[in-house]
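K.L.:
Residue numbers (my numbering): 1 to 68.
Be aware that one or more of the hints could be misleading.
Restraint-style ranges between C-beta atoms, simulated for each label pair [what the hints assert, rightly or not]:
hint, residue 1, residue 2, range
1, S5, E46, 29 to 37 Å
2, M44, V64, 31 to 39 Å
3, E66, M44, 30 to 38 Å
4, S5, T40, 28 to 36 Å
In silico DSBU-like pairs for lysine-lysine, Cα to Cα no more than 30 Å straight-line [what the hints assert, rightly or not]:
hint, residue 1, residue 2
5, K49, K16
6, K54, K41
7, K59, K16
8, K54, K19
9, K59, K49
10, K16, K41
11, K19, K41
12, K54, K16
13, K19, K59
14, K19, K49
Think of the hints as simulated: they come from the structure by calculation, not from any bench. All figures in this text were calculated on a predicted structure; none of them were measured in a lab. Cβ atoms here follow ideal geometry from the backbone N, Cα and C, with glycine treated the same way.
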Amino acid sequence: MSSFSNPHYMYLFALKNGKRKLAYGQSPENALEILSYRLTKEEMDEIIKDDYVKINQRKLQEYVHELG
Numbered sequence: 001m002s003s004f005s006n007p008h009y010m011y012l013f014a015l016k017n018g019k020r021k022l023a024y025g026q027s028p029e030n031a032l033e034i035l036s037y038r039l040t041k042e043e044m045d046e047i048i049k050d051d052y053v054k055i056n057q058r059k060l061q062e063y064v065h066e067l068g
């Protein structure tokens, strides 16, 4: 199946330390699942899973200072 038929989006999830974590997926849940492949359990526990912003890639520069 083509990736064009399953759009993906960028999400910025809030972290407990006040920063944000960038994730990419078809939905917020899918983005968190993808993040879990590369982050430790401790790192995943720092993510506030219901506090996220869906962003357009063109606007990523506006959020770079918030990434952690």
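K.L.:
Indicate, hint by hint, whether the structure satisfies it.
P.N.:
Here is what the structure says about each hint:
1. S5 x E46: 29 to 37 Å: Holds - the Cβ-Cβ distance for S5 and E46, about 33 Å, lies within 29 to 37 Å.
2. M44 x V64: 31 to 39 Å: 22 Å, violated
3. E66 x M44: 30 to 38 Å: 19 Å, violated
4. S5 x T40: 28 to 36 Å: Because 33 Å falls inside the window, the suggested range holds.
5. K49 x K16: 10 Å, holds
6. K54 x K41: 23 Å, holds
7. K59 x K16: With a Cα-Cα distance of about 23 Å, the restraint between K59 and K16 holds, given a limit of 30 Å.
8. K54 x K19: Satisfied, since the Cα-Cα distance of roughly 15 Å is no more than 30 Å.
9. K59 x K49: OK: K59 and K49 at ~21 Å, within 30 Å.
10. K16 x K41: Answer holds: K16 to K41 is near 14 Å, not above 30 Å.
11. K19 x K41: 18 Å, holds
12. K54 x K16: Since the Cα atoms of K54 and K16 sit roughly 18 Å apart, the hinted pair holds (cutoff 30 Å).
13. K19 x K59: Roughly 17 Å separates the two Cα atoms, so the pair holds.
14. K19 x K49: 13 Å, holds
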